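From first to last, the protein sequence lines stand for chains A and B.
Each step along the first sequence adds one to the number in my numbering, with nothing skipped, and position 98 is 98.
Each step along the second sequence adds one to the number in my numbering, with nothing skipped, and position 283 is 283.
Calculated directly from the structure, the hints in this document are not laboratory data.
Careful, some of the hints might be misleading.
As the list claims (entries may be wrong) - Calculated pairs, EDC-like style, for lysine to aspartate or glutamate (alpha carbon to alpha carbon, straight line, at most 20 Å): (1) B:LYS306 / B:GLU267; (2) B:LYS240 / B:ASP278; (3) B:LYS105 / A:GLU48; (4) B:LYS152 / B:GLU310; (5) A:LYS55 / B:GLU61; (6) B:LYS152 / B:GLU183; (7) B:LYS217 / B:GLU159; (8) B:LYS317 / B:GLU295; (9) B:LYS306 / B:GLU187; (10) B:LYS105 / A:ASP149; (11) B:LYS240 / A:ASP59; (12) A:LYS287 / A:ASP183; (13) B:LYS27 / A:ASP54; (14) B:LYS105 / A:GLU61; (15) A:LYS55 / B:GLU157; (16) B:LYS306 / B:ASP219; (17) B:LYS206 / B:GLU187; (18) A:LYS55 / B:ASP87; (19) B:LYS152 / B:ASP247; (20) B:LYS152 / B:GLU122; (21) B:LYS27 / B:GLU85; (22) B:LYS27 / A:GLU48; (23) B:LYS152 / B:ASP87; (24) B:LYS306 / B:GLU264; (25) B:LYS306 / B:GLU159; (26) A:LYS55 / B:GLU182.
Stated by the list, open to error - Restraint ranges, calculated between C-beta atoms of paired labels, are given here: (27) B:GLN179 / A:LEU192: 39 to 47 Å; (28) A:LEU288 / B:GLN309: 52 to 60 Å; (29) B:ALA153 / A:LEU130: 54 to 62 Å.
If you're wondering where the values come from, they're calculated on a predicted model, not measured in any experiment.
C-beta atoms are modelled at their ideal positions from N, C-alpha and C, and glycine is treated no differently.
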Amino acid sequence: MTDVTPDKIVSPVKEDTPVALQRRKLIAQGAIWAFIVVELIFFSVAGEYLSVSDKAFMDFENMLLLLKQSAPIGIIALGMTIIMINGNIDLSVGATYALAAIVLLDSMTWPWMQALGDSAIPLAWGLALLTGMALGAINGLLVWKTGVDAFIVTLGSMLGFRGLVFMYNGEQPTSHLNWTLVDFAEARFLGLHTATWFLLGVALLLWLLMTRTVHGRNAYAIGNNREAAVNAGIRVGPHMMINFMIIGFLAALSAVVFYSESGSVNPNDGMLFELWAITAVVLGGTKLTGGYGSVVATLGGVIAIQLLRKGLGHIGADTQTVNLVIGLILIAVLFLDRQLNRKGKQELRT
Amino acid sequence: MKTTFAATLVATTALAGAALAEQHGEKMTIGITQNNVGVDSYQTTYERAFIEAAEANDMVETVVLDAGGDVARQIAQMEDLIQQEVDAIIIWPTNGEAVIPAVRKASQAGIPVIVTNSNIAEQGFDFVASFSGPDNITQGARSAEIMCDKFKADGIENEARVVQISGQPGYTTAIERAQGFEERLPEVCPNVELVETQPGDWNREKSQQVMEAFLVKYDDIDGVYAGDDNMGVGALNAAKAAGRAEDIVFVGATNFAVGYEAMEAGEYWGSIYQSPVDDARAALQTAIDVLNGEEVPFLNYFDTPKITQENMGDYEKPVF
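Isolated chain B (complex conformation):
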């Protein structure tokens, strides 16, 4: 009886103490300025996951902003967040270089900056607490491996010709995914030729038009590498309309639901599994860890595995 009482007392005191600590502990205010939320399903899901993760955490308040793809607007939002004296800023850069002075301003104001999804250029690294996101170069490189492995399985690794549909011009993500692919492909399949690269602007319709032009221009296309599955499926649709989809291996650099479905249908070969939910949670967690004074690696990558028709059963369909 006595012990129970004592135990209860201890437990309640501990609970009260914890509650007290929580009340008195400063709530963290974290501001985020995103790239362009409305433009694709990845960014839309990212924003939703970010807000959900923030709401689930009582210690965190967030200011969620979106630059709408406009650099000037993003810099203004950075200035606004600095002015509002938030505790940390998460930025999804519209331009990896143009935002550097704004990031410096935040760092000079003593506000840690966490870059999410696509990193800023090296000159700005001094002003950044951590980068949280996928490794786009690895994603591009792994896409090259997927494509090469498939060519080898089909026995055409010495003659195959590949076209590339890249993401929106100017975006670090687009540049790095292209770079990773272009560097890795000759290493694993030295005789495969990348014949042409055109931007598809992360847009399915644009990508379809680009592929239509490729199909007219080249009689022999064995592989299409797209900056993401949205564009990859656009290219697939163009090839299907021309009746040439059967002969072409489609690989994307990020798996989307449309790509997953096309893989189920056996029309699309493979991609890289990158979850915007993981991406958003990782960014928020990195910011919280930085504010709590924990050691955080400067390049805080989350893993993005390969997904092909062969192993897709291990992965759930992407929500975006």
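Only chain A is shown next, with the shape it has when bound in the complex:
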């Protein structure tokens, strides 16, 4: 009897001992990178036969382009990882992205901003990023103070923020083409595009946040067992609010990076981005239930999706096929993941 009771309490902790966690982490992270390698090999071989282009798929320039093209959804997906490690979800990122883009482009057309010339650019960025953070704070505050599930709160804000997007400029696109801005966004430093630097920078910062700080450790603790986290003295509400502000900021950053280069936003832009971001996070092995996940693996998930889009385009498949394949792979990944975990638990039991 005395043997059974402590074991029951200890067991969830046991599962997460550094060694077991490390091993699971390695399998999950290794899986996505192995998948990327398989994709690369497949598209290189298939490309030889099916592509009309003489250029190899694995061309170095093409791979640099891949990283750049991963940035818009990638930056959001990285933020989504910490939200999902918390056991939450944020469906409003696509709308936040569009709203931040509107603030970015529209603010540069205001007379007093135009008077500033090119120094208005950093100011416009700042305004867009602040907008993102403010929208994230609204989500966080609602989740914290009302106790309503983040899924419902952000479903509401997704619709609400999108409504604001339409109120801002009706059905018209909001545009401001500034060639200085475009040149900056198209610039390349050490061979990497501007967008790639932002993607990698965000990945590094979030990785440090999640692995080297108390905030990061708390995020895992809350996702694992919210009640235990509260009992351990973690202030769950403010913690979640900070994370929602981070993802709001990142959705805006993604918009800043992308729209600096394109200069015009449709009111429908960013729709379905939340789903692509969640797909990338899940592909990277992060648990929908929270408590487990990795920023680096999400980066892998993002690259895997962009590789699929790019590779299937390279061999001449149409967009519908691309979506079908990504959907099938997502289901396969979740299924495999479940099987692996079940096996893991059985091992622990014996």
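Use these hints to put chain B onto chain A, whose structure you have.
Below, chain B without anything else, positioned relative to chain A:
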């Protein structure tokens, strides 16, 4: 005998020469990034016609891509096509302004860009070899004329009230078709009032809902102008359900098979005949002409005539 031999010799040499030239002549690789193929029958037919036209031409190889309505994806596809070093790029813009920097990139890489169906904004004209497509403003204007003529025939040109169901927000096509109609209507029928405009997103069901709301809101509607027949028929269905279809003149800005059928049934008045097959062929031909160094007008419109219940016999039913 001798002459026959000589003639045969000449003919075979000429044939061989032509064959040789064809083999040695560089095959053109033309990439296309489309807007959103699955979303409606026009774009689906366009893609099919484009692929058919390309396959019929031995000198042309194509890379056919579709942005799925996503600007980010379209820009990525432009970058991919530039990276693959295609000879020319045809783009159906998802956003007439957002793609300009990507078009500039292609033009800087020495790849001619042909814009198809809906044009990009003026700032990007410097980077475009040619625009091939319908004139949406003319289509909108001609729709206004069709509607006005019908009002005059019915003798209500001084009191008629019109509602508009526009296409997907943000799309140049939607904006221009609305603009053409809104500018032309007061010129031909100054006393007709356009009471409200709502987007139907190129979608029949959405348009039906919009029309249901209009019917509740306004007791007197004499005309409905829709961005295309798909939406026009959606509005017609709403009016039929409310029992008010008889009193309303339905005009679309592009004729679809559903609209053609409704015209045959006498329920739908008129539209503008625009063939996605012509559209696709014109785009491919423009690209080929540009690559062959021929003079191509910058705005390479193909004609889109009016079609009403009166003259519909002259036109075949649209395939989409």
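Going down the list of hints, with the structure as the test:
A hinted pair counts as satisfied when its Cα atoms are at most 20 Å apart, and LYS306 of chain B with GLU267 of chain B qualifies at roughly 17 Å. Distance restraint check for LYS240 of chain B and ASP278 of chain B: the Cα-Cα separation of roughly 33 Å exceeds the 20 Å cut-off, and the hinted pair is therefore not satisfied. Restraint check: the Cα-Cα separation between LYS105 of chain B and GLU48 of chain A comes to about 26 Å, which exceeds 20 Å; the hinted pair is violated. As the CA atoms of LYS152 of chain B and GLU310 of chain B are separated by approximately 15 Å, the hinted pair is consistent with the 20 Å bound.
With a C-alpha separation of about 15 Å, the suggested pairing of LYS55 of chain A with GLU61 of chain B holds against the 20 Å cut-off. Of the supplied pair hints, the one linking LYS152 of chain B and GLU183 of chain B holds, its CA atoms being roughly 18 Å apart against a limit of 20 Å. In summary, the hint linking LYS217 of chain B to GLU159 of chain B is supported, as the alpha carbons are separated by about 18 Å, within the 20 Å threshold. A distance of roughly 34 Å separates the Cα atoms of LYS317 of chain B and GLU295 of chain B; the hinted pair therefore is violated under the 20 Å criterion.
The straight-line distance between the Cα atoms of LYS306 of chain B and GLU187 of chain B is roughly 18 Å, inside the 20 Å bound, and the hint therefore holds. At roughly 45 Å between alpha-carbon atoms, LYS105 of chain B and ASP149 of chain A are farther apart than 20 Å, so this suggested pair is violated. This hinted pair does not check out: LYS240 of chain B and ASP59 of chain A have alpha carbons roughly 59 Å apart, beyond 20 Å. Proposed proximity of LYS287 of chain A and ASP183 of chain A is contradicted: the alpha carbons are some 39 Å apart, above 20 Å.
Using a Cα cut-off of 20 Å, the hinted pair LYS27 of chain B and ASP54 of chain A holds, with the two alpha carbons roughly 12 Å apart. Between LYS105 of chain B and GLU61 of chain A the CA atoms are separated by roughly 15 Å; this keeps the pair inside 20 Å, and the hint holds. Pair hint LYS55 of chain A plus GLU157 of chain B does not hold up; C-alpha atoms about 62 Å apart against a cutoff of 20 Å. Of the supplied pair hints, the one linking LYS306 of chain B and ASP219 of chain B is violated, its CA atoms being roughly 29 Å apart against a limit of 20 Å.
Our distance criterion of 20 Å between C-alpha atoms is broken by LYS206 of chain B and GLU187 of chain B, whose separation comes to about 30 Å. For the hint linking LYS55 of chain A to ASP87 of chain B, the alpha-carbon distance of about 13 Å falls within 20 Å, and the restraint holds. About 15 Å separates the Cα atoms of LYS152 of chain B and ASP247 of chain B, which keeps this hinted pair within 20 Å; it holds. At most 20 Å may separate the alpha-carbon atoms for a hinted pair to count; LYS152 of chain B and GLU122 of chain B exceed this at roughly 37 Å.
Restraint check for LYS27 of chain B and GLU85 of chain B: satisfied, since their Cα atoms lie roughly 13 Å apart, inside the 20 Å limit. A distance of roughly 18 Å separates the Cα atoms of LYS27 of chain B and GLU48 of chain A; the hinted pair therefore holds under the 20 Å criterion. Annotation: proposed proximity of LYS152 of chain B to ASP87 of chain B is violated, straight-line Cα distance about 52 Å (limit 20 Å). For the hint linking LYS306 of chain B to GLU264 of chain B, the alpha-carbon distance of about 15 Å falls within 20 Å, and the restraint holds.
Between LYS306 of chain B and GLU159 of chain B the CA atoms are separated by roughly 24 Å; this puts the pair beyond 20 Å, and the hint is violated. Taken as a hint, the LYS55 of chain A and GLU182 of chain B pair is broken in the structure, with Cα atoms around 49 Å apart against an allowance of 20 Å. Between GLN179 of chain B and LEU192 of chain A the Cβ separation comes to about 42 Å, which falls inside the hinted range of 39 to 47 Å. The given range of 52 to 60 Å is respected by LEU288 of chain A and GLN309 of chain B, whose C-beta atoms sit roughly 56 Å from each other.
Distance hint check: the CB atoms of ALA153 of chain B and LEU130 of chain A are about 58 Å apart, consistent with the given range 54 to 62 Å.
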